[in-house]
Amino acid sequence: MPTRRRFLATLTAIAGAPLVARAALAQTDGRESLIRQVTGGAPVTAGRVKLDTPTLADNGHSVPLRVIVESPMTATDYVRSVTLLAERNPRPIVATFSLGPRAGRAEVFTRIRLADTQEVLALAQLSDGSYWSGTAKVIVTELACLDGS
Amino acid sequence: MHLRLSAVLFFFFLVSPVSAAEPKRPSPLKSGAEFASADIRAMQTDDFANPGMLWVARGETLWREAAGNSGKSCASCHRDARDSMKGVAARYPAIDPGAARLVSLEGRINTCRSRQQQAEPLQYESEELLALSAYVAHQSRGMPLKVVIDMQNRRNFERGRDFYYRRLGQMNLSCAQCHERNWGRRLLNETISQGHGNAYPIYRLKWQNMGSLHRRFRSCLHGVRAEMLPAGNPDYIDLELFLAWRAQGLPIETPG
Amino acid sequence: MLARVLVPREARRGEVIQIRISIRHPMETGFRYDNSGRVIPKNVINSLVCRYNGVAIFSAEMGSGIAANPQLQFYTVAQASGEFVFEWVDDAGQRGAERAVITVTG
Chain A
0 MPTRRRFLAT LTAIAGAPLV ARAALAQTDG RESLIRQVTG GAPVTAGRVK LDTPTLADNG
60 HSVPLRVIVE SPMTATDYVR SVTLLAERNP RPIVATFSLG PRAGRAEVFT RIRLADTQEV
120 LALAQLSDGS YWSGTAKVIV TELACLDGS
Chain B
0 MHLRLSAVLF FFFLVSPVSA AEPKRPSPLK SGAEFASADI RAMQTDDFAN PGMLWVARGE
60 TLWREAAGNS GKSCASCHRD ARDSMKGVAA RYPAIDPGAA RLVSLEGRIN TCRSRQQQAE
120 PLQYESEELL ALSAYVAHQS RGMPLKVVID MQNRRNFERG RDFYYRRLGQ MNLSCAQCHE
180 RNWGRRLLNE TISQGHGNAY PIYRLKWQNM GSLHRRFRSC LHGVRAEMLP AGNPDYIDLE
240 LFLAWRAQGL PIETPG
Chain C
0 MLARVLVPRE ARRGEVIQIR ISIRHPMETG FRYDNSGRVI PKNVINSLVC RYNGVAIFSA
60 EMGSGIAANP QLQFYTVAQA SGEFVFEWVD DAGQRGAERA VITVTG
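Chains as they are written, first to last, in numbering that gives the first Met the number 0: chain A, 0 to 148; chain B, 0 to 255; chain C, 0 to 105.
It is worth saying that the hints were derived from the structure and are not from the lab.
Each hint should be verified, as a subset may be incorrect.
What the hints assert, rightly or not - Simulated crosslink set (SDA-like; lysine to any residue; CA at most 25 Å straight-line): (1) B:K23 x B:K205; (2) B:K205 x A:E118; (3) B:K205 x A:E86; (4) B:K145 x B:A32; (5) A:K136 x B:K23; (6) A:K136 x B:N181; (7) B:K29 x B:Q151.
As the list claims (entries may be wrong) - Chain B residues, not near chain A, derived (Cβ > 10 Å throughout): (8) A65; (9) K71; (10) F162.
Ideal placement from N, C-alpha and C gives every residue a C-beta, glycine not left out.
Could you build the full structure based on these sequences and the hints that come with them?
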């Protein structure tokens, strides 16, 4: 159903544009402080990190997510860690995975909970200490965490 | 001549049982998986990704564990479930000759426990009963559902059928109105399925847990604001029989 | 704690292999209520480590944002025959462990 998803995404984009603009401003501030919790203020470059996750979640209680970081994964150039952030979740730092030169491939798959439609963010720290980020927008209709059930 | 023929026909329709017309079965017959998203289908077909397999794994362990005063396990009598349980779930619910009543697979597991193992029956929705029923039904995965309606279970079938077509709850909706007349249409963020039980017990993302078909019935009844009978209720078992008849030919997919 | 692991039984030296683990755990968020209206206390698997012949090759720090009955999939380079040991602990202090053996050729 890719057409339906695209249509839904477009509709949401048009309908929510003014709201998103205002929310984006609030989110940027919140997001920056959230990122700082992980990086300690170190600069983050957008890139190298790809998130593979559905555009429309079947259910917020279980959203499949694959993070792939571009890296040769050699003894001297590898991914140290990957942190998943979901800023609209009650606990925005979802998980931190520690990899290392023996990983072979900087790729982790898991299933996460999303409490609302949001942009999921992944921060990867490389062996040289630099931080890279990637995002993916996920629409969630059946929310996790806060519905009390 | 005409009058006599029509009189005969008139009397025929008058005295023949009203239920002579068998309820429709959906066509084409589609399993619930066909109405789920590609992600969910992928999760179901991947035996490792499928969370329900955690219960099947537990069921395999429980199968070999001694229970009750007998000190016997399921395996003591039934040996390897992969042989002995093959095809069993496909013909349930079935009449339990010992009790002369219709039982679900869960019910049969419990009668074995009390009669053969001298063990306490397991509660519906308990981790153990879900695990055992998932494990047993899983041994019939891929086999078509095949319940036979005969004189012994005819009354159960009819009660189940009547339940299916009865309007219930504040919303005054019957199972048929969604699952027979509107399958394929959207409701909230989902597509209405044909309402078959061939993949049960299932792992439902909303439940974040494994659940039986009776739990699903309760969810549906809650949805139409009707009284939710407790799991294990004979009305549900009659309904299960009707559903199994309605879904005949569909393969078992447990754990869905 | 019930868990299933998927590790290839055999691999060639230097081959990148996929490791999967699936654990039966409700990952209780602490935001849910029982039928009496009481909060069900938070209890999630907060830490997991995978060691390959004694060396940690993957670890995860997790919170309630990881779905119930957590599943993880990651990779490592097959180096020597031996054992994978998975160990994890939840907020209540319950520990879990699983092992898998691998034969590495070449």
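Which of the listed hints are not met by the structure?
-> 1, 5, 6, 7
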